[in-house]
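One letter stands for each residue in the lines below.
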Amino acid sequence: MSQGPLLELSDVHVRIAGSHILQGVSCAVPGRGITALLGRNGVGKTTTLRAIMGLNPSSGSITFAGQQIRGVATHRIVRRGVGYVPEDRDVFAGLTVGENLRLAVRDADPDYELVYQLFPELRERDKQLAGTLSGGQQQMVALARALLNRNRLLLIDEPTKGLSPRLVDEVADALERVADAVPMLLVEQNLPVVRKLATDVVVMASGRVVHTGSADSLQDPELTRRLLGVALAGGPA
Amino acid sequence: MPDENVLDDVTETPGNHSTVAGFDRGRVLRALPQLVVVVVLAVLPWCDISTGGILPANLSSPGSLHLLGLCLVFAALALSYDLLFGFTGLLSFGHALFFAAGAYLAEIAMAQFGVSLWAAAVIAVIAGLLLAVLVGAVSLRVGGIAFAMVTLAFAQAGSIIVNQDPGGLTGGELGKSLTFDKVPDALLGVVNTRHVYWVALLLLVVVYLLVTFATRSAPGRIWQAIRENERRVEVLGLSPYPFKLLVFVVGSVLATACGVVYLLLVGSANPSIITPDFTLSLLVMVVLGGSGNRWGAVIGGFLYSYLDQRLPAFAASDAIQSLPTVLRVPLSQPLFILGTLFVLVILFLPGGIVGTLQRARAGGDSRSLLRAALTERQPGREEKQ
Amino acid sequence: ACGGSSSGGTGGSSGGGSDGSPVKVGMIYSQTGVLAEYGAEYRAGFEAGLKYVTKGTGKVNGHKIDVTWKDDAGDPEKASSNFTTLVGDGYKIIAGSTDSGVASQLAPLAEQNKVLFISGPAAIDSITGANKYTFRSGRQTYQDVKTAAAMVGGDIKGKTVTVLAQDYAFGTANVAAVKAVLGAEGAKVNSVLAPLSAKDFTPYAAKVKQAKPDLLFVAWAGNTTQTMWQTLDQQGVFGMTKVVTGLGNVASYGAYGAAATKVDFLSYYFPGAPKNAVNTAMINNLKAAGKTPDLFSPDGFVAAQMIAQAVTKGDPGNTDSMVSALDGWSFQAPKGKETIRKGDHAMIQPEYVAHLVKNGSSYTPKLVKTVPASELAPPAGYGKS
Amino acid sequence: MNSIVILLAVTGLGLGALYFLVASGLSLIFGLMRVLNFAHGAFLVLGAYAGYQAGVHLAPSGATTISNGRFTLVLLAALAAGALVGALTEIVLIRPLYRREIDQVLVTVGLALAVGALVLGIAGADPIRFPAPAWTRNVTNIAGASIPNSRFLAIGVAVCVLVLIMVFLRYTRLGLIVRAGVENREMVTALGIDVRRAFTLVFALGGAAAGLGGALTGVFYGSVDPGLGSELLIFAFIVVIIGGLGSIVGSALAAVIVGLLQQFANYYAADGVGDLAVVLLLAVVLLARPAGLLGKAIP
Amino acid sequence: MTATPAELPARAVLQATGLTCTIGGAAIVSDVDLGVQDGELLGVIGPNGAGKTSLLNLLSGLLPATSGAVQLDGQNISGWSPHRRARAGLGRTFQTSSVFGELSVAENVSIAAQAFLGGNLRLWQPATRIRGRSERAGAALELVGLAGRAGIAAGSLSHGDKRKLELAILLAGEPKVMMLDEPMAGVSAEDVPELTELIGRVRRERGATVIMVEHHMDVILQLADRLAVMHHGSLLLCDTPQVVMADATVQEAYLGGAL
Ligand SMILES: Nc1ncnc2c1ncn2[C@@H]1O[C@H](COP(=O)(O)OP(=O)(O)OP(=O)(O)O)[C@@H](O)[C@H]1O
Ligand SMILES: Nc1ncnc2c1ncn2[C@@H]1O[C@H](COP(=O)(O)OP(=O)(O)OP(=O)(O)O)[C@@H](O)[C@H]1O
Ligand SMILES: CC(C)C[C@H](N)C(=O)O
Ligand SMILES: [Mg+2]
Ligand SMILES: [Mg+2]
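Protein sequence lines, in the order shown, are assigned to chains A, B, C, D and E.
Under our numbering, the first sequence has 1 at position 1, and the numbering climbs by one with no breaks.
Under our numbering, the second sequence has 25 at position 25, and the numbering climbs by one with no breaks.
Under our numbering, the third sequence has 141 at position 141, and the numbering climbs by one with no breaks.
Under our numbering, the fourth sequence has 23 at position 23, and the numbering climbs by one with no breaks.
Under our numbering, the fifth sequence has 210 at position 210, and the numbering climbs by one with no breaks.
If you are wondering where the hints come from, they were derived from the structure by calculation, not from laboratory data.
There could be a bad hint or two in this list.
Unchecked claim - If you want the footprint, here are the derived chain D segments under chain C, 3+ residues with CB under 8 Å:
#1 13 to 22
#2 74 to 88
#3 135 to 148
#4 222 to 228
#5 269 to 280
Said to hold, decoys possible - Just some of the chain B residues that point at chain C, by a computed CB distance under 10 Å:
#6 63
#7 64
#8 176
#9 270
#10 325
#11 331
Here a beta-carbon is modelled for each residue, glycine too, at the ideal position from N, C-alpha and C.
Using the sequences and the hints given, assemble the complete structure.
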């Protein structure tokens, strides 16, 4: 494949209902490791992922593996190998867990093994309506749907939100493992997780990218305080 | 009002909140266009000007005033429907029942009990109130589509009964003519059409004021909350049921009052006003103008009934009849034009006429009108289910 | 431009007899809607009649006849609007009413506004004797039924007659008429009524068989006609009793299907029935205009004759004088001699008995006998509630 | 058993079959896409007229009956016409309104008005005789009851349609996609599925069922007219709602109940009770079970 | 397993006894005995799917209990409808934000204030004339830091802001017992301390009793007086944070290892 980044955004703008939400986002996701997208509530992280997925209309340029994907229909972007785990989980409440997973299958040989190994509960709850799952269980379904297929890039929006500390650990481990094969763009508020996983970081503030760099930059307490308003220096929480 | 502040000023729809300063002046200013409209409508019967075919004859002619009167009654009726549909999110398919109740019960009261028009109006409205409490209490036990269909069932039952002509009271499918000798002379005859027109205008003004007041009242705010998220309202400590019943009764009683004026204006109660199609046309009116918006309902009701009355004349006009067949056949069907117009409004003017105008005004120029129409159709996260 | 409204128009002035001013005639009829076919027949008949009475000049007694056609789409509300427009414009002569609902809406309005009203094909009995200003140019249900009675002959006493009809005004009026006519002659009359919404008529056919009638009188209209006849045939009703019904317009002959040749028809009019100069003139005028004579052609034709009489013998500016000119008038109509009965304005006229004869894939009516007008006169006050 | 009871029971079943045929497409679209399609009546009428036109062109002029082979072509023409208008409706009208659920329903109201008026303008208000094989107009005698053969035809086709729809929903992914898509269209596309095609297909199927229903109504009545759609639509609604959202079996059950109830009430009860009984049934069922007989409550 | 008799709260504001809920044969919450003392903050933790949200649903009446009883201030409220419980002072937020999306932020909170103030069915009373309605709403928005966004539609708030709005809605209703379902979920790291501080302050100033379900352990350790641990629908343990954190089962089932 090409030598450049796997995913590249340049000067992406998003306007929704009159408000200018992304104001020229430019950043790149390399073809390996986990790129963390950070920033406080409402800066436009989710909007950025949605713009990549073609779920929000945007202007500017978004290339994936060297090809322009801005303006391409969402399902075609996915078929090029982009998996997406949305922020609000978006499980299909009226479908069972099994149906939710089956719907997500694109490959001929979906990796149910990985999924059930990570979240054994999903096997037990195959027949349960996803709408009646607990918050954390829904999160598992959402993650599982993206992990079933072999993707070239995963966009994951706050995967550990609402998970118990133990499960946060496990999910982090799983993502780390998956990241060996598939690069990721990860939005995450749990900074210990970020520190553990991220190889690169992109920090946003009010609709713009204010910092990009390798994960090492998170080691600088002054920088993190300035960018994220919190010091990361402390030990594990 | 001393305790008004920005919090309260932001009411029905976010985004259209006015500036904070000069509240009282703002209030007057905001009421001004409405006042102007009412005054203009009120003096129409003195304006002997040609309408160039927009109306059947000169503006002050009985024919024109009769048509405008009907438009006013339907504007008021659409407004009463919007209270349920647009403001509270109650999709009732039975609103026609109450409108028809107003027309039929007033007529029956005059014909059977020999009471005067005014007494008959009072009787009809009180009976409409009782009917609304009964129908509402039963149908509101269910929600959503089930509610729509239970109200439809009630209206259908009403329609069947009216068509059965029990005891010769309703006149079956022929309807019943107004008992003219119970009506004051000043409201009778073609020469007095202007008086009836004023009654219709008064009706609209009263309904408008009541609806305005109701939506700003304490329960009015709860209605809007119910439209958004009923479960959440419950957890705030309020049972949605009495609120829904209240709005159902208020809307229905207003519809009953509209029915009485309709009887007076048209001179008969006929079963076309209790068909499911009729309720459906109310829905069309409200959406055409813009639901959840008082002006929207008024404009939609007015426009729909205007088109409904005038399109046959348009269809029969030489301009249409001389067209080639491909154009003539569809254009000579009034319902084809109305249906197509409605489809176009839904597709290209989301939020109806008033909603589009508001957005255009917010945007400023005419290009933004188009953009407003387009952006609405682009994916936004809030609208997914 | 605001000022007192003026009614305008010449009809409003109280000018004398033949001053040559144009006479405005307003026609409120079904140009669209379910009865549009009848409306078209009526209109063609009227135009043929106008040509006949004005001898092609468009003038009667020096008055030019200005005809304005308004579509009511079968809707009393629109009819009422049109009426207000026309009368507001100074029209003193209104005619048309294809639909019974419209006719009963307009009759009281005519009285209230003191204008001449000549009802059209609407068959409802209560138009006769409705008021001083209301006339009709066609027949009423009673006359249809009486024709059927004439078909049976005198030995009806003690026989069972079943009326199969739809449960609405037209149907129940027929039931009432059969009870009045044949019941009076000693027949046992019962009825089977089907709701308008019924989709399968098997239960009704079964009920008819259960009643074991000596005579089955079918009063049916509308688009289920074909299905109903097919069901009667399938359930073997024709084999067990004599069946009588009214013959519709030419387009409907096919609707009887296999039953067509097994039924006795009472006919209000078909082109081959009467043999006289006026009928020939009407048919020729229609053909010249590219139209075909049909069921309701005479209603339009006679309306034109009546208007001519009213403006010739009466003063077009004075409704009462036109009413006097028509009250009790006898004249040669396409169906032969007709008389407007003094007082209640029943249109005394002959009707026919016919059979359908199949040739090829179409049917033609064959006259069996003419029932003289005198036998068909409704009793005074018949049909008033 | 009394022959009258047999007559009423079998014709009641036939009526139920007719109701199911006209309701199945509505039920399919409503159940999967939650769009209460008011234009369904217009689809029925278009299907019926397409069938009629095919029959007119196929039959030797003047003949009132056609052969079985030609009749099959008539039904196929109706089916195809229904599928076509269904698909067009989805693409042109529903698709731009994907996230505006109420507007989707409303746009079908407008479509119903416009198409209804258009058919009236083109074809005229009068009923026209629907082409069918002679045997459909005859009767079969069962224990003294003369049952019109068109009833057997309706029952047979209704059963086939029911089975086909059930098989279709069970063994294809389409049902799954559409159900998920209605809940959250975006998320389905974010799984790499072209949900628009699925929606169009559902409308095409619903339209095809409507077209077939229209043609069979023509056989049942012996004639078709532009008013047929709006008359049947209300019964189709009642059947779908009583049966329950999303349950095609529920629709079938409700159709049979309504058909039998009407037939028996129309015979045994006083005039006009049959209609009231159906309306009453609707109200009672919904008050007791808001989701309908076999419907699932929406989570 | 509840607290030992010695530690039994002097006055349990909210008391659940034998609370059980079974759906389709599976016990989602089984036999929970739990007392919440006046003014205390009870943290509820437990693995995903342990039944924490369900417990709140049972307490607030959104889920009907199969058996067991709930008492509020000594009064038996089992079988009461959700709105009746809310009126009695049992308020809650939702795990997934549930706001009136098309109404403005201010109106969202005002409605909650109005619901609390009463007289809601008075058709003749303009909403804005209800004494204290807007003050209360304004104060609540001020408290959570959303006053600047009062005019915008609640639906277009970002995720974190919606969480804050949820809290403001709750505060405007001044409940006796506040039940918070994962208030920190999705709140940005920077805002967590702020929101934590806010909850602590509300509690102190209003003397409110709080039940808080939360997975952020640092938050819960900072705020909670006692911790209840749910596991497989049962109450595993209810004790001081120190005791709970030291418990091996809790470590194993809930906290896990590294982070
Ligand atoms: N549909 C919408 N309409 C209006 N504004 C919107 C819409 N969607 C998002 N916004 C606004 O865009 C901004 C960015 O939102 P976004 O969800 O991308 O933030 P985020 O960085 O993901 O925040 P969080 O951490 O809270 O999830 C917010 O201010 C939000 O209010
Ligand atoms: N209607 C239902 N049918 C079957 N199981 C259900 C139903 N509702 C809830 N459950 C199950 O009950 C259990 C408790 O769910 P609950 O939402 O209370 O968990 P929770 O402790 O809040 O978890 P989380 O921390 O993930 O939010 C879950 O396993 C869930 O799947
Ligand atoms: C069927 C028609 C003869 C009906 C008639 N025109 C009426 O309105 O009563
Ligand atoms: Mg986000
Ligand atoms: Mg939970």
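Consistency of the hints with the structure:
1. Restraint check on the segment 13 to 22 of chain D versus chain C: 3 residues with Cβ-Cβ distances below 8 Å, three needed, restraint holds.
2. For the segment 74 to 88 of chain D, the stated coverage by chain C is violated: 0 residues have a C-beta nearer than 8 Å to a C-beta of that chain, whereas at least 3 were required.
3. Counting residues of the segment 135 to 148 of chain D whose beta-carbon sits less than 8 Å from any beta-carbon of chain C gives 5, enough to reach three: the coverage restraint holds.
4. With a threshold of 8 Å between beta carbons, the proposed coverage of the segment 222 to 228 of chain D by chain C holds, since 5 of its residues qualify and at least three are required.
5. Check on the segment 269 to 280 of chain D: 4 of its residues sit with their Cβ under 8 Å from a Cβ of chain C, so the three-residue criterion for coverage holds.
6. The criterion of a C-beta within 10 Å of any C-beta in chain C is met by residue 63 of chain B, whose closest approach is roughly 3 Å, and the hint holds.
7. Because the smallest distance between the Cβ of residue 64 of chain B and any Cβ of chain C comes to about 8 Å, under 10 Å, the interface hint for this residue holds.
8. A hinted interface residue such as residue 176 of chain B counts as satisfied when its beta carbon comes closer than 10 Å to some beta carbon of chain C; here the least separation is about 9 Å, so the hint holds.
9. The interface hint given for residue 270 of chain B is met, as the beta carbon of that residue sits about 5 Å from the closest beta carbon of chain C, less than 10 Å.
10. A distance limit of 10 Å between C-beta atoms decides the matter here; for residue 325 of chain B the minimum to chain C is near 17 Å, and the interface restraint is violated.
11. The closest approach between the C-beta of residue 331 of chain B and any C-beta of chain C is roughly 12 Å, which is over the 10 Å cut-off, so the hint fails.
Of the hints listed earlier, those the structure fails to meet are numbers 2, 10, 11, in rising order.
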